[in-house]
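The lines below spell out each chain.
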Amino acid sequence: MSIIKPSFKNTGFNKLCLSYCQLRSVSVDLNHDASLLIDIPDALCERDKVKFTVHTKTTLSSFQKPDFSVPRQHEDFIWLHDTLVETEDYAGLIIPPAPPKPDFDSPREKMHKLGEGEATMTKEEYTKMKQELEAEYLAVFKKTVQVHEIFLQRLSSHPVLSKDRNFQIFLEYDQDLSVRRKNAKEMFGGFFKNMVKSADEVLISGVKEVDDFFEQEKTFLLDYYSKIKDSTAKAEKMTRAHKNIADDYIHISATLNSLAADDMTANKKNLEKLSDLFEKFRKVEGRVASDQDLKLTELLRYYMRDIQAAKDLLYRRARALADYENSNKALDKARLKSKDIPQAEEHQRQCLQKFDKLSESGKKELTSFKGRRVVAFRKNFIEMAELEIKHAKNSVTLLQGCIELLKSN
Amino acid sequence: MSLCTELVLDITYHQVKAPLFLVAQDLTLFCICVNVQSQPASLAAEDISTNSNGPKQDSLFDDDPEDLFAEATEEVSLDSPERDVLLSDGPSPAITPITPPTSVITPRIVSCVFIEEEEGGDSFDIHISVSDPEKVGEYMTSMSLFKRSEFAVKRRFSDFLGLHSKLASKYLHIGYIVPPAPEKSIVGMTKVKVGKEDQSSNEFVEKRRSALERYLMRTVKHPILLKDPDVLQFLESSELPRAVSTQALSSAGLLRMVNKAADAVNKMTIKMNESDAWFEEKQQHFENLDVQLRKLHTSVESLVCHRKELSVNTAQFAKSAAMLGNSEDHTALSRALSQLAEVEEKIDQLHQDQANADFYLFSELLGDYVRLLTAVKGVFDHRMKTWQKWQDSQMLLQKKREAEAKLQFTNKPDKLQQAKDEIKELEGKVQQGERDFEQISKTIRKEVSRFEKERVKDFKTIIIKYLESLVQTQQQLIKYWEAFLPEAKAIS
Chain Z
11 MSIIKPSFKN TGFNKLCLSY CQLRSVSVDL NHDASLLIDI PDALCERDKV
61 KFTVHTKTTL SSFQKPDFSV PRQHEDFIWL HDTLVETEDY AGLIIPPAPP
111 KPDFDSPREK MHKLGEGEAT MTKEEYTKMK QELEAEYLAV FKKTVQVHEI
161 FLQRLSSHPV LSKDRNFQIF LEYDQDLSVR RKNAKEMFGG FFKNMVKSAD
211 EVLISGVKEV DDFFEQEKTF LLDYYSKIKD STAKAEKMTR AHKNIADDYI
261 HISATLNSLA ADDMTANKKN LEKLSDLFEK FRKVEGRVAS DQDLKLTELL
311 RYYMRDIQAA KDLLYRRARA LADYENSNKA LDKARLKSKD IPQAEEHQRQ
361 CLQKFDKLSE SGKKELTSFK GRRVVAFRKN FIEMAELEIK HAKNSVTLLQ
411 GCIELLKSN
Chain B
-9 MSLCTELVLD ITYHQVKAPL FLVAQDLTLF CICVNVQSQP ASLAAEDIST
41 NSNGPKQDSL FDDDPEDLFA EATEEVSLDS PERDVLLSDG PSPAITPITP
91 PTSVITPRIV SCVFIEEEEG GDSFDIHISV SDPEKVGEYM TSMSLFKRSE
141 FAVKRRFSDF LGLHSKLASK YLHIGYIVPP APEKSIVGMT KVKVGKEDQS
191 SNEFVEKRRS ALERYLMRTV KHPILLKDPD VLQFLESSEL PRAVSTQALS
241 SAGLLRMVNK AADAVNKMTI KMNESDAWFE EKQQHFENLD VQLRKLHTSV
291 ESLVCHRKEL SVNTAQFAKS AAMLGNSEDH TALSRALSQL AEVEEKIDQL
341 HQDQANADFY LFSELLGDYV RLLTAVKGVF DHRMKTWQKW QDSQMLLQKK
391 REAEAKLQFT NKPDKLQQAK DEIKELEGKV QQGERDFEQI SKTIRKEVSR
441 FEKERVKDFK TIIIKYLESL VQTQQQLIKY WEAFLPEAKA IS
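Quick mapping for you: the protein sequence lines, in order, are chains Z and B.
Position one of the first sequence corresponds to residue 11 (my numbering), numbered consecutively onward.
Position one of the second sequence corresponds to residue -9 (my numbering), numbered consecutively onward.
Be a bit skeptical, because a hint or two may be false.
Stated by the list, open to error - Restricting the straight-line Cα-Cα distance to at most 20 angstroms, the calculated cross-link-like pairs of lysine to any residue (SDA-like) are:
(1) Z/Lys417 to B/Val461
(2) B/Lys469 to Z/Lys140
(3) Z/Lys228 to B/Asn316
(4) Z/Lys120 to Z/Lys140
(5) Z/Lys403 to B/Leu279
(6) B/Lys272 to Z/Ala271
(7) Z/Lys389 to B/Ala480
(8) B/Lys479 to Z/Val406
(9) B/Lys479 to Z/Val385
(10) Z/Lys417 to B/Leu351
(11) Z/Lys278 to B/Asp448
(12) B/Lys174 to B/Val360
(13) B/Lys336 to Z/Val385
(14) Z/Lys228 to B/Asn401
(15) Z/Lys133 to B/Leu279
(16) B/Lys272 to Z/Asp273
(17) Z/Lys247 to B/Leu351
(18) B/Lys469 to Z/Glu396
(19) Z/Lys403 to B/Ser459
(20) Z/Lys278 to B/Gln273
(21) B/Lys450 to Z/Glu414
(22) Z/Lys279 to Z/Leu415
(23) B/Lys367 to B/Ser265
(24) Z/Lys403 to B/Thr463
(25) B/Lys447 to Z/Ala270
(26) Z/Lys278 to B/Arg440
(27) B/Lys432 to B/Ile214
(28) B/Lys455 to Z/Ser418
(29) B/Lys261 to B/Gly368
To be verified - Not the full set, but computed from the structure, chain Z residues with beta-carbon under 8 angstroms of chain B:
(30) Thr265
(31) Ser268
(32) Leu269
(33) Lys380
(34) Glu396
(35) Lys403
(36) Leu409
(37) Ile413
Unchecked claim - What follows is a list of derived Cβ distance ranges for each label pair:
(38) Z/Lys347 to B/Ser482: 57 to 67 angstroms
(39) Z/Phe223 to B/Ala473: 34 to 44 angstroms
(40) B/Ala480 to Z/Gln141: 38 to 48 angstroms
Simulated from the structure, these hints should not be mistaken for lab results.
Yeah, the Cβ is synthetic: ideal placement off N, Cα and C, and Gly gets one too.
Work the whole structure out from these sequences, hints included.
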């Protein structure tokens, strides 16, 4: 199926990647704490595996060097995320969502289709379509780099998580991490945990909530999650339709060019102008599509995952509450039987402590989460509106210019 | 339940070149403008009840006893003031060179009402009224093609097809490019007949109406076709005999199909010695043009499809964003999300309108020209056939001459005389064949030149209109997003 494989390895592609990475559109700028600065300046795409270069600059003494880089794969990020989730101490925190797996299926499929349809197009048309697809590949690539980078930056800017030992190992360990990663058994354990979690959703709804704040949050998050999931899907469909229109303009431009080439009359110039217009116009439409993708679709997608992480926090708290209630029952039973009372008391005390700790940190986390979300939405909506206006004004100029030329002929 | 939609078409048309013998004078023979007006179905329904009992309807109707539709037609005519001014120019006995009206369009309003009739058969009525021809100078009455200045007629779809069929049979074979009529669509028509008042049947009706309008315009723009009595009858007379031979599955229809197939075979076997490079060049040119236009048409059809998709997706997103806004507990953000939903809803309508422009301006233009090129290729084929006929007569003459020479040495005076008579006849035929060939070649040259000029003008006009529609969409987008921006900034 490998018709055309864009070889990102040896091109100046990496430099492109670097300049893009400066854009942090989805999340607010997280690198404001200079004691630990992380970025992904470089990435390689080999077959389907993406190799990220994670670069750290730090003033903290806990690290061996002040400035260093390590190569990491997507699976390493997942390992880091899962170890954080499974750490009891962090149960009261919103663990930043794991970055999704790099997915090149869509552009790859389109590349395949393009290869099949090559015979029906002119050479110029084919080249343009191929360029478009390479740009799409590049966009997917950039997105995945960004999303992995933001994951690390969320961790580095978190007062508790940034100090995590595994996080440090992830940043520093200069050997291949795969030996330390989950083995099959552990992975299954993780999967099992996810299964239990969905049952927790039922559990959560059933638990009597004592705290108004959490009651409200629960209602809000459960509802919001399903709504934002839907919006993400619909936004994606919208973006894709825009992209299709841009592609249509490529074909239209190419055919107009052929018509111009065959035309021997004064009409030739008109056709050339028109072909040129559609070529420029499709570039603008392409930008509209990709900007909408980044500012809207990716924004929604990111916060959908973030809300899932917030929900996870609620589940953990609800479980702790359930544990505490169970420990109360056990204590009562022990008192009745006059057996093992101190253990039961200790157990109950621990459960209460855990639950209180979770509630306290949970409240802080959820409040700051809301703040973060509002700021990010604001920033992206403003940028999206500004870009839409810019592109539309551009289009008007292009179109009016062409109309003038056609009328004057 | 029958469907009744009434639309009044709106076309603007402008001047037509004067016929040859009035050298260098442009006479605006007539301007057809049609006004678009829609009448609610309920109104028509009322009329049905009042007239349903009468077996013989108004003379404006086709005399069809099953016609349940009342004559709920709306005629709107607006006379242009310019016409009166021009008429007041004092007529002079000699040929006065009158400054022709400016090349700008002098519009007249014509009403064209489109009524649908419930009937077994894929036809519907079209009500057209044509305004008076613009008369300039004293050649009015002799050049005037129309008896009345303002009139309306009802026509069925099959009438249009009938008109085309007549024109094709009269003019195609002598080299005139007769514009093809819109195609039948059994599926589309059936849905309308069933009375489905849904989006797609309305779209179908509008598509057909628009296609018929363009067809009629192209036909009357042709200086020769305009003067044809069938065309005049079509435009003017209140009743037309039903054109039955246009039905797709009729015997006439089948015969047409058979003939088309036979023609295709014949074309392959004619090997013409082209003495005129112009024809070869032009044929090649039209072949290339055909390929490119079809390709462009396909791309534009895809564009229409995708734009409709975008409209639907935008509408869905708008709804989803509204729901998200309702769910959002941060007040300012909730408001912003609702505003976003509103903006996207407006944008969805924009995309829908643009898709219509994509279709009716760009796509249909290309479709029309793909069909027109078929007619153009047709006249070239007819020229080949004419040549073939001429050659055949020549060969036959040759044979007869040889036969006659042989007969000279036999003693068969009657046979010899017969041979001589046949030869005389054939010589006449050969001469005629040569004349026909020269005539069709001349006509085609003229026709092609006119066609190409029209094509370029047509494209330019419509493309400019299309680009302007794109400009409008983009300008609206700017407005909507500029209105949203302060809302986004207001999130605190």
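For each hint, the structure was consulted:
no. : hint                                     : verdict
1   : Z/Lys417 to B/Val461                     : holds (15 angstroms)
2   : B/Lys469 to Z/Lys140                     : violated (35 angstroms)
3   : Z/Lys228 to B/Asn316                     : holds (16 angstroms)
4   : Z/Lys120 to Z/Lys140                     : holds (10 angstroms)
5   : Z/Lys403 to B/Leu279                     : violated (34 angstroms)
6   : B/Lys272 to Z/Ala271                     : holds (16 angstroms)
7   : Z/Lys389 to B/Ala480                     : holds (11 angstroms)
8   : B/Lys479 to Z/Val406                     : violated (25 angstroms)
9   : B/Lys479 to Z/Val385                     : holds (11 angstroms)
10  : Z/Lys417 to B/Leu351                     : holds (17 angstroms)
11  : Z/Lys278 to B/Asp448                     : holds (15 angstroms)
12  : B/Lys174 to B/Val360                     : holds (16 angstroms)
13  : B/Lys336 to Z/Val385                     : violated (26 angstroms)
14  : Z/Lys228 to B/Asn401                     : violated (121 angstroms)
15  : Z/Lys133 to B/Leu279                     : holds (19 angstroms)
16  : B/Lys272 to Z/Asp273                     : holds (12 angstroms)
17  : Z/Lys247 to B/Leu351                     : violated (27 angstroms)
18  : B/Lys469 to Z/Glu396                     : holds (12 angstroms)
19  : Z/Lys403 to B/Ser459                     : holds (15 angstroms)
20  : Z/Lys278 to B/Gln273                     : holds (19 angstroms)
21  : B/Lys450 to Z/Glu414                     : holds (12 angstroms)
22  : Z/Lys279 to Z/Leu415                     : holds (10 angstroms)
23  : B/Lys367 to B/Ser265                     : holds (18 angstroms)
24  : Z/Lys403 to B/Thr463                     : holds (11 angstroms)
25  : B/Lys447 to Z/Ala270                     : holds (16 angstroms)
26  : Z/Lys278 to B/Arg440                     : holds (18 angstroms)
27  : B/Lys432 to B/Ile214                     : holds (15 angstroms)
28  : B/Lys455 to Z/Ser418                     : holds (15 angstroms)
29  : B/Lys261 to B/Gly368                     : holds (16 angstroms)
30  : Thr265                                   : holds (4 angstroms)
31  : Ser268                                   : holds (5 angstroms)
32  : Leu269                                   : holds (5 angstroms)
33  : Lys380                                   : holds (6 angstroms)
34  : Glu396                                   : holds (7 angstroms)
35  : Lys403                                   : holds (6 angstroms)
36  : Leu409                                   : holds (5 angstroms)
37  : Ile413                                   : holds (5 angstroms)
38  : Z/Lys347 to B/Ser482: 57 to 67 angstroms : holds (58 angstroms)
39  : Z/Phe223 to B/Ala473: 34 to 44 angstroms : holds (36 angstroms)
40  : B/Ala480 to Z/Gln141: 38 to 48 angstroms : holds (40 angstroms)
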